[in-house]
Amino acid sequence: NAGVTQTPKFQVLKTGQSMTLQCAQDMNHEYMSWYRQDPGMGLRLIHYSVGAGITDQGEVPNGYNVSRSTTEDFPLRLLSAAPSQTSVYFCASSRTTTSYEQYFGPGTRLTVT
Amino acid sequence: GENVEQHPSTLSVQEGDSAVIKCTYSDSASNYFPWYKQELGKGPQLIIDIRSNVGEKKDQRIAVTLNKTAKHFSLHITETQPEDSAVYFCAAREGGGGADGLTFGKGTHLIIQP
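Residue numbers (our numbering), protein chains in the order written: chain A, 1 to 113; chain B, 1 to 114.
Wrong hints could be hidden among the right ones.
Under the rule of at most 30 Å between Cα atoms (straight-line distance), these lysine-lysine pairs were calculated in the BS3-like manner [unchecked claim]:
| # | chain 1 | residue 1 | chain 2 | residue 2 |
| --- | --- | --- | --- | --- |
| 1 | B | LYS71 | B | LYS58 |
| 2 | B | LYS42 | A | LYS14 |
| 3 | A | LYS14 | B | LYS106 |
| 4 | B | LYS58 | B | LYS106 |
| 5 | B | LYS68 | B | LYS106 |
| 6 | A | LYS9 | B | LYS37 |
| 7 | B | LYS37 | B | LYS68 |
| 8 | B | LYS42 | A | LYS9 |
| 9 | B | LYS106 | B | LYS37 |
| 10 | B | LYS37 | B | LYS57 |
| 11 | B | LYS71 | A | LYS9 |
To be clear, the hints were calculated from the coordinates, so they are not data collected in a lab.
A quick note: this is a predicted structure, and the numbers were derived from the prediction, not measured.
Sequences and hints are given; from them, build the entire structure.
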């Protein structure tokens with residue numbers, strides 16, 4: 001199993017541009033989530049999904065959209081990038097909604113100029 | 001919602017000594033407390049976790065203790081080695097399911113001095 005994969009590893013955007021961060025898992029996990037990591041802030045939950053077709057907002061959802069059309073994929077979309085969205089983004093998954101262990105991807109480092 | 005405080009933000013210890021990182025949480029309904037290790041350029045990796053029905057858990061050189069009354073939990077690393085150098089995060093999750101994800105502390109940068 002590849003586990004949780006994320007692409008791209010690095011991305012630079014200009015203010016106002018849009019893009020999609022890709023996340024996929026091959027473990028047949030029900031639950032997937034997106035976090036952002038900023039210096040001195042730990043990881044904060046952006047959006048999560050408890051299964052295909054179901055998504056919900058986390059702590060910091062503004063400026064981001066998600067969809068879950070398949071169990072494997074959970075893309076994160078930035079509609080109009082802002083410098084405040086410069087961060088490292090991590091996707092995570094767990095077997096079920098009530099499973100305790102979360103597996104994290106390697107991250108995408110995004111810079112918005 | 002849950003709030004997790006983590007201390008210290010940086011910890012430097014001599015190789016072979018022990019390291020202790022402490023976290024407190026605010027929501028008495030939280031019942032799952034994992035610790036993650038993050039190496040430079042990588043995603044967090046679970047190293048040990050504890051549930052609220054257990055007071056202590058060990059795995060070789062690492063251990064976690066939980067005090068539910070005081071709402072704090074700690075990570076203990078004994079006989080530290082250079083490869084233990086990393087950023088460590090504690091987290092807590094409220095009972096009733098994982099839908100809301102984990103609430104993380106802000107991290108501790110552990111430096112092992114040779």
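Hints, verified against the model:
no.: 1; hint: B:LYS71 / B:LYS58; result: 19 Å, holds
no.: 2; hint: B:LYS42 / A:LYS14; result: 25 Å, holds
no.: 3; hint: A:LYS14 / B:LYS106; result: 28 Å, holds
no.: 4; hint: B:LYS58 / B:LYS106; result: 23 Å, holds
no.: 5; hint: B:LYS68 / B:LYS106; result: 21 Å, holds
no.: 6; hint: A:LYS9 / B:LYS37; result: 20 Å, holds
no.: 7; hint: B:LYS37 / B:LYS68; result: 23 Å, holds
no.: 8; hint: B:LYS42 / A:LYS9; result: 10 Å, holds
no.: 9; hint: B:LYS106 / B:LYS37; result: 12 Å, holds
no.: 10; hint: B:LYS37 / B:LYS57; result: 17 Å, holds
no.: 11; hint: B:LYS71 / A:LYS9; result: 37 Å, violated
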